Amino acid sequence: MTKEQRLQKRYSAEKRFKWYGIISICMALLFVALLVTKVLSEGTSAFVKSTIEIKLNFDQTALNLPEKPITEDLNAIDFYSFAIDQILKTYPTSNRDEEKELIKLFTTDFEFEVKDFFLANTNLLNQTVSFKITASSDLDQLHKGNYAKNISEDRRKISNYQLKIYDHFIQNNKITKVFNVYFFTNGDSRNPEIAGIGGAMLGSFFSILVCLIISFPIALLAAVYLEEFAPKNKFTDFIEININNLAAVPSIVFGLLGLGILLNVFELPRSTSLVGGITLALMTLPRIIIPCRASLKAVPPSIREAALAVGASKVQSVIHHVVPLAMPGTLSGTIIGLAQALGETAPLLLIGMVAFVVQVPANPLDPSASLPIQVYLWSESAERGFVEKTSATIMVLLGFLIIMNSIAVYARQKFEKKWI
Amino acid sequence: MNLLILVFIFVFSFSCFFFGKSQIKKIAAVNNFKTKALPHFYGFYLSLWCALPAILIVFLWTVFEPFIVKYLIISGLEQSSLADIDHDRLNLVYQKIKALYFGTYSGAASEQIQLGAKQYGSFLSMAQNAKIVLVFTAVIGFTLVAYKKITNNTHAREGVESIFKVVLILCSVVAVLTTAGIIFSLLIESIKFFSQINFFDFLFGLDWSPQKAFVRDTSIVLTASEKQELSNAFGAVPLFAGTGFIALIAMSVAVPIGLFSAIYLAEYAGSNLRKFGKPVIEVLAGIPTVVYGFFAALTVGPFIKSIGDTLGLDVSSESALAAGLVMGVMIIPFVSSLSDDVINAVPQSLREGSYALGATKSETIKQVVLPAALPGIIGSILLAVSRAIGETMIVVMAAGLAANLTINPLDSTTTITTQIVMILVGDQEFTSAKTQAAFALGLTLFVVTLILNFIALSVVNKYREKYD
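So the sequence lines, in the order shown, correspond to chains A and B.
If you read the first sequence in our numbering, its first letter stands for residue 1, the second for the next number, and so on.
If you read the second sequence in our numbering, its first letter stands for residue 1001, the second for the next number, and so on.
No lab work stands behind these hints, which were simulated from the structure alone.
A few of these clues could be false.
Listed below are several chain A residues computed to face chain B (Cβ distance under 7 angstroms; list not exhaustive) [stated by the list, open to error]:
id, residue
1, Ala28
2, Leu30
3, Phe31
4, Leu282
5, Leu377
6, Ser381
Which chain A residues stay away from chain B? Per the calculated CB distances, all over 12 angstroms, these [as the list claims (entries may be wrong)]:
id, residue
7, Ser94
8, Leu125
9, Val181
10, Arg304
11, Met327
12, Lys417
A short list of chain A residues far from chain B (calculated; beta carbon distances all over 10 angstroms) [what the hints assert, rightly or not]:
id, residue
13, Asn57
14, Asp59
15, Leu65
16, Lys149
17, Phe184
18, Gly198
19, Gly343
20, Asp366
21, Gly399
22, Gln413
Keep in mind it's a predicted model, so treat the numbers as computed, not measured.
Backbone N, C-alpha and C define an ideal beta-carbon position, used for all residues, glycine too.
Using the sequences provided together with the hints, build the complete structure.
What follows is the structure, given as C-alpha cells:
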C-alpha cells in the first residue's frame, strides 16, 4: 500500500465515523417524528364527533303534560319513549328489528341529551326544533372513514340496513361533525361515544396538586439544609447518598411502597388521587431536591458574605437573600419534576388507580383515574372508537407536558440571574 | 374534625404573632429596656410555640389512633371469645365491625359484631374528646410558657432559628425515611413469602406459574410434597432471563445510537446544531413511558409481526423484540446526555496532543477521547441498564405474560415488572403466596437497581474528580 492509499483510507474512515454520528442523530429524530405523526394522525379525529340531526316536536300531549305544567311535571316526563318516538320518525321502518337497528345508530344516552336540552329550554314547548343527537360510536367511525364498507356484512359492525339508513342521512345532510365536548367533560364509559377524559384530567390534577403541596416545601427545605447548614459528616453523606439513589429507584418500587405502607398499614382509601399524590410526591422528592441544590449552589458566596457582613444571622442571609435568588432554578426544577410525575403510570397502577370510574371526581378522596392510566386502560380495549381516543388522550397529556416544560424553561431564562 | 382543629390552631397562632409583636413593644416601653431581637421575632416565637407542638400532636394522634383502637377492639374480642381464633379471623371480624359502624355493612350482623361496633363508636368518640382536650392543653400551655419567656426578654431570634433548623433537618430526613419505608414494606412481605417458599427455589427455579398458589386454602397445612410443588411454582429464572433479554435488546439499540450521537454532538456538531439537537434528543426522555408502551403495542409489534409473516417466520404479536426496540429508543437520551457531558469533560489538551501527532479527528476520538472518557461512559451505560430493568409500562403493554425461557427475540417473554403489575392489579389477597411473590420480585428489583446505580454513581463521581 502506498502512502497516498493509506492516507485515503484514513480519510474515508474519518468520513464514515462522522456519518455514523449523523445517522444516529437522524434515527433518534426520526423516531420522535414517527411517534408524533402516529399520535397526531390517529388522535385528531377524536376531538370531533358525528351527530345526527333530528326534528324534536315538543308536543304537550306527546309529552303527557297537563295544561299548565309545573317543575315536577317536567321532571316526570318519560323522555325515553318520547325520544324513541322522535327517532323512529327519521326513517321509515317496517318491523321491530329494523327499529332496533335504527335506534342503535344513536348514542345510548340519547334520552338524557333530549332531557337536558328540553329542561334548559322549556319555552320550546309545543314547538318543533331540529336537534343534533350524538351518533353511536359505530356510525361515528363509519362517518370518519375508519370502517371499510366493502367487506361482507358479518365482518362489519354496521349492518347493510344500517348502511342504507346512513346513506339516507347523508343524502339529507343530517350528519354533521361537531366539537366533542364530552371528550373533555365526561368520565370513562363502556360506550366510546360518551367516554371522556374529564375524570382522568381532574384525577391527574388532584394528584399533582397533592404532590406539589407535599414535595415542593420538603424538597426546598431539605435542599437548603444540605447546601447551607449541614455539617460535613457521616450523617450528611448518608442523606446525600440516599437522595441520589432514591432518584434512580424504578418508579414501580414506589408503587409497592404506596401499596405496602399507605394502603395496608395506614389504611388510606384505595384508588384515590390522595394516595396517588403522596406516592408521586415520595417519588419526585429526590428529583426536585437535586435541581434545588444545584440552584442554591449557583448563588455566589459573596451574596451570603455581604448579608453576614451587615449583621444578618446565617438563617436571615439564607431566607432573605439566597433562597429568593435561587427561586427561578428551584421553581423550574419543581415544574420539571411535576411533569415527570404527571406522566408516571406504574406506581399508580399498583395503588388501584386503574379502577373503571365513571363519575368525575369532586375531591382528592374520590376514586379516580389519571391521564396516563386512561391511556393504558383504553389501549387495552379493542374497539375502534377507543383507539382514536387513546391517541387523543396522549395528545392532551403531551400538551400538558409541553406547557409545563416550556414554563420551566421560560422561568429559568427570564428570571435567573447570570453570575459572572 | 381534624380540619376544624387545624383551622383553630392556625387562627390562634396567627393572632399570637401580632399579640407577641405588640406585647414586646409595650413591655419594652414600660420597663424601659432594649429588646434582644426585632419585635416580629417575638411574634414568630410565640406563634411557633403555639402551633408546632399542637400540630405534631394532631398528626401523631391521627396516625396512631386507628392502630390503638384496633388493638383495643381485638384484645376485647380475644377475651370475650372462649375458643382461641387465629389472627386472620380476628382481622376479618374487625373489618366487619368497622363496616357496620360506618354503615357499609351488608347482611345481618351477629351480636358480637353489633357489640363491637358499639364499642368501636365509643372508642372513637373517646379518642376524639381526648384529642381535643390534649390539643387545647398543648396550645394554651405552650403559649403560656412562651409568653412568660417573652416577657423575660428571651433571645427570640435564636429560639426561632433553632426551630427552623430542626424543621430543615426533619425535611431532609424524609428521603431517608422513604428509603426505610421501601425496605420495610418490601422486606415484611418478602419474609412472609420466603417462609413458605424456599429462597433458592425462588432464585434458581426454572418454572414460574404463580396461579398455582391461588387455588389453595391458606388454612390447610401442606404435606412436604405439596410444599415442594408450591415452591417449584415460583422459580424466577424465566423472569430474570426475560428482563435481562429485553434489556439486552434495548441496550443494543440505545448504546450505539446514544453513544454516536453524543460523540457527534460533542466533537463534530457546530454550536447551532448542538443547541438544537441536544434538547430534541432529550425530548425522548420526557415522553411518558405509557406513550412508548402504546406505540410498541399498537405500531411496532404489529409491524414486526407483519414483516415476520411475509418472511414466513412465526412471530408472536407480543414479541420481546418490539418491547426491546422501543425501550432502547426510550433509553437513548440516558446514554447520550451523560456520555456527552463526560466527553466534554475530557481536557482539550489531550485532543491537541493527539492532533499534533498527526491523528485525524476520528482517530483522536477513538484512541484518545473515548479511552479517557471510558469510566464515565460505562457509568452512563450502567445507569441506562438499571432504567431498562426497572421500566414497567412498555413491557406491561408490549411484552407477553407467559414466562417462557427463550432466547428467540420473536417469542413472547415476560419480565419482573410485568409480573409485579399482573399480580397486584385487581383483587389481592395478602395472605396468598402469589401476592407476596410480587413483593419478593420488587425486593430483587430494588436490590439489583440499587447495586447498579451505586456502582454507576461512584464510577462517574470518581471520573469527575479525575479531571476537575
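Hints violated by the structure (listed by number, smallest first) | 2, 5, 6 and 19
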